[in-house]
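Undergrad: Protein chains in written order, with our numbering: chain A, 1 to 111; chain H, 1 to 115.
Honestly, the hints are just simulated from the structure, not real lab data. Where a beta carbon is used, it is the ideal one built from N, C-alpha and C, also for glycine. Don't take every hint at face value.
As the list claims (entries may be wrong) - Just so you have them, the derived chain H footprint on chain A, three or more residues with Cβ under 8 Å: (1) 29-41; (2) 45-54; (3) 98-110.
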Amino acid sequence: QKEVEQDPGPLSVPEGAIVSLNCTYSNSAFQYFMWYRQYSRKGPELLMYTYSSGNKEDGRFTAQVDKSSKYISLFIRDSQPSDSATYLCALLMDSSYKLIFGSGTRLLVRP
Amino acid sequence: SAVISQKPSRDICQRGTSLTIQCQVDSQVTMMFWYRQQPGQSLTLIATANQGSEATYESGFVIDKFPISRPNLTFSTLTVSNMSPEDSSIYLCSVEDPVAKNIQYFGAGTRLSVL
Numbered sequence: 001q002k003e004v005e006q007d008p009g010p011l012s013v014p015e016g017a018i019v020s021l022n023c024t025y026s027n028s029a030f031q032y033f034m035w036y037r038q039y040s041r042k043g044p045e046l047l048m049y050t051y052s053s054g055n056k057e058d059g060r061f062t063a064q065v066d067k068s069s070k071y072i073s074l075f076i077r078d079s080q081p082s083d084s085a086t087y088l089c090a091l092l093m094d095s096s097y098k099l100i101f102g103s104g105t106r107l108l109v110r111p
Numbered sequence: 001s002a003v004i005s006q007k008p009s010r011d012i013c014q015r016g017t018s019l020t021i022q023c024q025v026d027s028q029v030t031m032m033f034w035y036r037q038q039p040g041q042s043l044t045l046i047a048t049a050n051q052g053s054e055a056t057y058e059s060g061f062v063i064d065k066f067p068i069s070r071p072n073l074t075f076s077t078l079t080v081s082n083m084s085p086e087d088s089s090i091y092l093c094s095v096e097d098p099v100a101k102n103i104q105y106f107g108a109g110t111r112l113s114v115l
């Protein structure tokens, strides 16, 4: 069983839709949760970072963490074609530097 | 966030040869990391590089295959040695945020194809 599971997609939505991207994990030792966006032929770009259960909002993006269910989500409101990319969740244990990545979900926002 | 430059951005190499990838950061950082992203897969940590000490390798990665240098606080290199087609991947360096040490920023990556 992988430490982090993420649906690879692709996920295709019309412009303006609300997008929900999800990861599940198995080890309760993960304490820090990140979402990266990776455009084709580019490096991962940090979008959101959180360490507590609940919601964290930044513009059109909301990161949600449910530690009791070991489930994290990224919501994108009013999605734009420029949001088309691969979204990677990344988890980190306390006192560790090793990011554990999900496999990434490829998102396509259609104009 | 740090600005990270990687060179080369891509290369095509013959099997049996070696390639050295450079990573330059615009500020001093303690921890630098090297990741591999194989085609269609996610990122896997190869090793952690601290300035002034030997790199720490993850399970499945060895120094003879992936020697790393870290001569100062803004620069690191990763060498992919005696390459085979299985080494065809994207290699990425990352650095920790000097304040929020749980956050890592990534370079654009080096796209390597081995024939």
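Undergrad: Please verify the coverage claim for the segment 98-110 of chain A: does it have three or more residues whose C-beta sits within 8 Å of some C-beta in chain H?
TA: Answer holds; 6 residues pass the 8 Å Cβ test.
Undergrad: Counting residues of the segment 29-41 of chain A that have a beta-carbon nearer than 8 Å to any beta-carbon of chain H, does the count reach 3?
TA: holds (count 4)
Undergrad: Are three or more residues of the segment 45-54 of chain A within 8 Å, CB to CB, of chain H?
TA: Per the Cβ count (4), the hint holds.
Every hint from the earlier list agrees with this structure, and none is contradicted.
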